[in-house]
Amino acid sequence: MAFFIGAVLCHAALSRMHLPPNIVLRFLLVGSTLGAGLVWWLYDKYGLAAPEMWAGVLIYVFCCELYVFLFTLVISSISANVLINLSFHDMTDHDMSRLYDSRQMVAARLDRLVSVGLLDESLGSLKLTKNGLRLVRFFNRMRAFFRHSP
Amino acid sequence: MTFGPISIAYVVGLSYLSVHFLLYVAILRDRPLFQTEKVIFFYHFISALVFTAVALFICGILPDALATATALGLVALHGIYSISFLELWSLAQGSYSISILTELGSKSILSREKLIETFFQIGNTKKHNRTIALSESVLIRRVDDRWQLTHRGRLLTRLFTALLSLSDIRRIG
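Those sequence lines, one after another, are chains E and F.
Residue 1 is where the first sequence starts when you use my numbering, and the numbers rise one by one after that.
Residue 151 is where the second sequence starts when you use my numbering, and the numbers rise one by one after that.
Bound conformation, chain F alone (with noise of 0.2 Å):
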């Protein structure tokens, strides 16, 4: 069996993303900067970005067919590693409906107006939170005393109307 340079390249693409993993698993988990979505979020965006563009610019100067779709692979590759990264690590870090199981598992079986008000509280707060965020990520802006959409909020709804009447759903939240 011999290894041509498209084996080499995945190779090198596995052991960085390897190495992206278990220095997160040996050294950054342990950080108490690494318990932020923001700081996790771009390890993984700023890592993907690098490794594109590097990909891009052997795509640059190897330009046939086979070196694009090792490189386009290899982006996936990146893609699929971090998107189930970060899906996991939010949904354990405070997901609603876990929540709501984990305190199930814990009492073994509730009435659902006593799950309903354990967990208005959360719901409460996370009120507050959630209006704070987008308007952090002007996504919404106070015009008086009115809440509207930005540009970039009005862009975005229009992806979520999308996805929501592609797969036919009317109730969301």
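One chain only, chain E, in its complex shape (with noise of 0.2 Å):
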């Protein structure tokens, strides 16, 4: 636990330095590092076949990919803005459909996308780049295994 809340403290310290990489590769980035001195610990410890080895490690990745949904849930979630703005002040109908601005939420999604590398911009106009691609093709066959409908 002592890792994961160093994992989280150090991420907290990047994100204040604006570096390059996009909040979630940092978080990995800080993740792995402190995860690798995690199993490196736990082995010198306890050795590889010990269970207390495997359930350190498994409860570490468990907390790092609750808080990386987590935090990805809450910046990318429409409702999630709602509740914020609520917790200032209550809000109409109107204030509501303020808030909701279509054009904005898209606009804002078009900028992180482009911000993450997935969308490269030039003169107005938008296409993938290559990472882009990959990943509509990985959600493109995810889609079908989950049986989505197109």
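No lab work stands behind these hints: they were computed from the structure.
All the given hints hold, so there is nothing to weed out.
Some but not every residue of chain E turned toward chain F, in silico, with C-beta under 8 Å:
| # | residue |
| --- | --- |
| 1 | His-11 |
| 2 | Leu-58 |
| 3 | Ile-84 |
| 4 | Thr-92 |
| 5 | Ala-107 |
| 6 | Leu-119 |
| 7 | Gly-124 |
| 8 | Met-142 |
| 9 | Arg-143 |
Residues of chain E clear of chain F, computed beta-carbon distances all greater than 10 Å:
| # | residue |
| --- | --- |
| 10 | Ala-2 |
| 11 | Phe-3 |
| 12 | Ala-36 |
The C-beta atom is built at its ideal place from N, Cα and C for all residues, glycine as well.
Can you join these two chains into the complex? Each is in its own frame, and there are hints to help.
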């Protein structure tokens, strides 16, 4: 648990430095570095075959995955945005409509997709990067696997 | 190489997760019921509850450090499997960003204005659905003509705010 808290705190510190990789990659960088340290420490203390070693690794991975899941959910969720705004003041239907302005929502998504390198924007035109194309292919396969309608 | 009770526990746990996954692949994914968020969530949630209860029960009858470590490891393994599965399932089902990328995948190049116009309507539909979903989940309630947070909504918002300030994120939604 101390390694996980360490990873979260290092991530918090890195996030305030405004370094180039996006927020998820930054956490993966910090999380895997501290994770490697945890594996080394557990191996040294218990040995490879010990249940404590595997339990420690699995709990660490689970905590990291849950943390990434939660903060990506909060960043991208429109509902989370509404809840946070409601924590400052009550809203009428009209306020909600303004907050949900779909044009702004789409524009914000496009900005984020460009900043993480999935879209390439030049002269007002957008196209997929290689990584974007790879991701589309992956999710097309996932959609077929889960039998979601196209 | 000998197999002790700990190894057997891991084999049983992994076999259970494999059966859970294969049951979905072989039968359940073709059922219309399993196309809904609620059902797929409960398929994993109930399984995780039962799995955790059995692990804790075994911890209770074998109260030693090895049994506890094994039980916690197995519960974490179920957590990793379920979160990965549910996240992939929901992203593949209808993530806004993935839909934008898929649209660009089929059209090659599009202007920013054209894309915003295409997805504007989807946003409008989602807008209405989101408010209903938040209200049905008892996270917000309507008092006279104003929407406000419920107690549950306020607790969840505190968690969200803590996560945002931890990661120094200022723009969301």
